[in-house]
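Chemist: Chain A is already provided as a structure; the job is to place chain B on it using the hints.
Just so you know, the protein sequences line up as chains A and B, in that order. When you line the first sequence up against my numbering, it's residues 1 to 446, in that order. When you line the second sequence up against my numbering, it's residues 1001 to 1325, in that order.
Rather than coming from a laboratory, the hints here were simulated on the basis of the structure. Do not take every clue at face value.
Claimed, not checked - Subject to a maximum C-alpha distance of 35 Å in a straight line, what follows is the list of computed DSBU-like cross-link-like pairs (lysine-lysine):
(1) 16(A) x 51(A)
(2) 67(A) x 51(A)
(3) 1269(B) x 427(A)
(4) 221(A) x 16(A)
(5) 1183(B) x 430(A)
(6) 51(A) x 79(A)
Stated by the list, open to error - Partner residues are not named here, just some residues of chain B that face chain A (Cβ under 10 Å, in silico):
(7) 1022
(8) 1063
(9) 1064
(10) 1067
(11) 1068
(12) 1073
(13) 1078
(14) 1217
(15) 1267
(16) 1271
(17) 1272
(18) 1305
(19) 1306
(20) 1309
(21) 1310
(22) 1314
Glycine included, each C-beta is placed from N, C-alpha and C at the ideal position.
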Amino acid sequence: MPKWSFRGGTHPPENKSSTAGLPIVPAKLPSRIAVLIHANSGCLQAPIVAKGDQVQKGQLLANPGAKLAVPVHSPTSGKVVGIGPVRTASGALDQAIFIEPDGEDRLAETCAPVTNLESLSKEQIIGIIMDAGIVGMGGAEFPTHVKLTLPANAKVDTLLINGAECEPYLTADHRLMLERSGDIVRGAQILMKALGVTRTVIGVEDNKPDAIEAMTKAASKAPGVEVVSLRTRYPQGSEKQLIKSTLGRDVPPGCLPFHVGVVVNNAATAVSVADRFDRGLPLIERVVTITGSAIAHPANLLVKIGTSAGELIEQCGGFVGEPAKLIFGGPMMGMAVSSPDVPTSKGCSGILALSRAEARVYEPMPCIRCGRCIEACPMGLEPAVLHQWSDSGIWDQAEACHAMDCIECGVCSYECPSRRNLVQSIKRAKFEIGVRRQAAKERRAK
Amino acid sequence: MADSMLIVSPAPHIRAGLDTPTIMRDVVIALLPASVAAVHYFGWQAALSIVCSIAAAVAAEFILEKLTHRTVTIGDWSAVVTGLLIAMVLPPHVPVWVPILAGFFGIGVVKVLFGGLGYNLFNPALMGRAFAVAAWSAMATTGYVWPASANGAIWARGFDAMSTATPLTLLKMGEIGATSASKLYLPLFMGNAAGSLGETSALALLIGAVYLLWREEISLRIPMFYIATVAVITSLYGQDPLFHVLSGGLILGAFFMATDYVTSPLNPKGQAIFGIGCGVLTALIRLFGGYPEGVAYSILIMNAAVPLIDRFARPRRFGEVKARA
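For reference, chain A alone in the conformation it holds in the complex (with noise of 0.2 Å):
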């Protein structure tokens, strides 16, 4: 077993014990689904339903109106309530297609499995992965097919299934990994042949024992697949950190995982994989753990991608007290929403609501160069050094710092005993050093 670790990093209080025992659960059917066709990376789906029309679960709704869009397809069956805005987890106003469940949840004819999945080529898989919708489910929503299409010269030999779930309080992945390892499994097996590759590993955090076990067991049966155990250290689930443990390889600034031989998928992607081909369903529904100390009942749902968080929460008895603050994600990396209505997305693993105790919103002190954020940034930057030439508006300087290597995990903020918010300001220098650069490239263009 390899024994690499990548450097820095930290470890919060994992908080998993509430939901880690909990079997995944189908949640209700929702009184409304409101299913975005504005993808993450900015691209809208162009919508293919009208207001009034009656859909099947799994029909098509919108096209992919760019190459880093997917389609996306009705969660269940039901009519078109309307076609409009929708404020997100970002708290950007987004387009969405909303649709009342008439609670038959039939599934539409054009779903069918793959059954001669031994005869299609790579370009054909991939091709159908897209039309499943399928993005990474870890948070980014980055499209999967994209990262399956290799540029020509790349040399891959290895498939990275990412099982770490390393940010605290989720236990979705750990649960699919105990419940459904057979479909991680098979959803590797078809990610593989449509990479080519011949290995694959799925990387678990040693606090998951349970599911190093039930994976080891499923991968036992599947020629060229194993399963590595992990140091539990947060944020052991980055792809260029993951890529750095298992296979003992660095990704070299600036560059992707595909460039040192690896493409990295999410295990609850390569369970939608699974589904799409075994059961003809595109990426429609999804595991979200819905805890926190505000939640009654701590649960992990499966859940009709599109439900509102307020509709989750009561189902899981509603909130004790008074939540403070509600997190699309884990507490490391979601974002903070105002208002429970917010629909859950593709890459929403988890839902948390934290009580006032718990929410605490600190008044930064002046920052005492301990050092301590140099120390954990798993990236070797200077979050300290990034965080005063952002604060100064120097941009350039910051980039010559490399801010555009930082990969906003937060272990920066986290481990700061002065409570500044370094990441936040990390990223504002991300998107100024971004617009620069846009509109450098712009003026060449010229």
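Modeler: Chain B alone, transformed into the frame defined by chain A:
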């Protein structure tokens, strides 16, 4: 539930338990054994010096922040740390107005006027000492006394200027031969020798240092590089390295002054350079300089080099070496 009740703030939504006031308070706790040892050896005047020094430092911060309409930050405990350290680096028997004025200078000029906590370039306590020595050199250097019970005093009886000479001064004056210093190991380790208020008991200081290491508030990087460098260079010049390590505030300086976050380099590589630099300067001042002891000036000089060190000792980026290969 009203929407406005939900807090919307950026990730991460959880923070580590350790905060700045706790770190500062822990430094005070770590200095308690040395303070107690000082009072034990040097009597009530040492206690008075400590109290006045802390009061002056805290008052200086409070008054200056009030005058400049800034947020009063005495709650972060850093002024208490500075005040305590100022008392520790001055002789045990000085008139109380010396630590008081040193406190006002260290906090007022070196810290608050430079922008407050986190913005000072130099260690305020050491600057306070440098100020006192420069302004009242006689006063600040004649306060050295040998504890009444000191074996070292009995051993050293008959030397000139006994009442105000520290072991390092005796060495400088040629009163201690290069090899006979081992008789002073035990008095220096226990604190039963002349020296600045807080520096004499290596044992008490090391207890505090172990506490800070256990709390993971300092690392061994700076102190070890510092002390090892002094030991290596002094032994290269034929002097007793252990005598040098135990005397003249090296342990106090290495664990409590050179490790000051604000005035030491940010990243591990820079901290190693900083420790070695302090060690080289301390050894050179002791061996060839006009002062018997060089810890305070070495650290202050290296403080000035910190921005430069920070610039050249960047940590290695993830995957960077591979990219060059």
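Chemist: Checking against the hints above, which ones are violated?
Modeler: Of the numbered hints, 1, 5, 8, 9, 10, 11, 17, 18, 20 do not hold.
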